[in-house]
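Please work from the sequences and hints to get the whole structure.
First to last, the protein sequences are chains A and B. The first sequence lines up with residues 0 to 397 when you count with numbering that gives the first Met the number 0. The second sequence lines up with residues 0 to 139 when you count with numbering that gives the first Met the number 0.
Derived from the structure by calculation, the hints contain no laboratory data. Worth double-checking, as some hints may not be accurate.
[Unchecked claim] When the alpha-carbon atoms are kept at most 27 angstroms apart in a straight line, the in silico DSS-like pairs for lysine-lysine are as follows:
1. A/Lys243 to A/Lys338
2. A/Lys343 to B/Lys104
3. A/Lys186 to B/Lys104
These numbers were taken from a predicted model, which means no experiment stands behind them.
Spelled out, the chains give:
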Amino acid sequence: MSKTIEEINEKIKQGKAVVFTAEEIIDVVKKEGIKTAAKKVDVVTTGTFGPMCSSGAFLNLGHTKPRMRISKAWLNDVEVFCGIAAVDLYIGATQITQNDSANSLHPGSFQYGGGHLIEDLVAGKRIKVKALSYGTQEYPRKELTGSFTINDINDAFLFNPRNCYQNYNVAVNTSKEKLYTYLGVLKPDMGNANYCSAGQLSPLLNDPDFRTIGIGTRIFLGGGIGYVVWPGTQHNPGGLRNEKGVPRSGAGTLAVLGDLKQMKPQWLRGTSVLGYGVSLTVGIGIPIPIIDEDIFRQTCITDADILAPIVDYALDYPELSGRILAEIDYASLKSGVIKIGRKKIPTFPISSYVKAREIAQSLKSWIEHGKFFLTHPSAALPGKDSGVKFKRFGGKYR
Amino acid sequence: MSVSQKVVLRYPPSLTEKPVVYELVKKYNIMFNILKARFSADDKEGLLVLELSGTNTSLKKGFDYLHKLGVKTELLSQDIVRNENKCVHCGVCSAVCPTNAFYVKSPEMYVTLEMARCIGCEECLKVCPYNAIEISFDIK
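Below, the structure written as structure tokens:
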């Protein structure tokens, strides 16, 4: 059996496409078997909702009168990048406010930053702007103080260089001190293990070889429509895989882009991580077109099939030692307790499975109602045999 | 029948030297367990979070006594609220909650709040990435 994207889109147009989420499909297959279900199903939808630090947004404010080539700017006291054309800016999700005391009183609480700014912008809130320029002959203005909303400016698009990690570390702490990390609070003596993946619902775990997800794939992004535009930074498809071909560590990532003006603040949430900083929690959902039985088989993956590495964030992560303590599957992680050796450790999620499910459901509903059509990738993402590898810093340093 | 309530007491500085809790025990036969005690920096208000146990009648009399003295009382459950619009059910709070008042319900993975287990320690407030925990018993 095989189907083309065009055939699937035709069924979507007629309101006849058969769509399940990557969670629902597991039960469907249990009841009907792979072969029968594969013939029936047209699309499997995935979802993920977690802090994705490598996120940000490009804005074009529109020109002031007289013109200004902004060289430094702050939006709601968050410094933004201005080293591009006159009134183009980039908001980075992890930028903290200029007067934040950061970790000088550890752990810092990081109440506001780039992620919150993006959420406020999408929510239509009024944003304070302060900008400076050195002044040029054609751009004479040197100072700007004012405010705007997303509707007042020309462009606002989300451009996240690294989102949607295929798989992720499970963090523990073997030291005697409490740790405050981007994977939450880690109690001493491996008092807890924190994980961060939607597991069986996660987009790149349902198409582990990037057979349907590629450059140009249309996706659910921040409650609106976006696109995969490139492999994400640190894309590392060549890592270890299990017998089902599923990566056993971080592996693939995506760079994604979409018009911020049609996104929803509920799916782009400013995030304050105690002792770490600020981030943006991003909602992403990717449809997997069931073009053949092989890809269908891969979307039927369950939490029990997916392994994640347990990493010590007291020593091995900061020191980049590459050591992993053990591997554990997501079914065990989601049960609330795992065992390392003879030690029982309670587990806690950092990303929201509940919201990942909601995203997969929304995307399913868009497709069923003919509001979302599937795309052919324009080019493939580098796959497991591409030789693309995650490198340590290869430059010189002391 | 003995009942148990977690209560936030706020009292004026004039009462800081009065053995209020002792009186609750002695006069009204109320058992107490201190969950939290604080004074504001400028000595304008004292705050006590107690778990009080006794019969319905004794508790009522005890509260009347406190109110007469000028102590304001609120149930802890009214003072700690999870803002459902902000909560994303991630589970960060459950990792630090010492009494499992916040816990992740597997396999649905909803973060559930069992208020009866809450002791008002505020750990969840500090770690919630989305500012979804609202506590009103902080000293104003």
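Which of the numbered hints above does this structure break? Those not satisfied: there are none.
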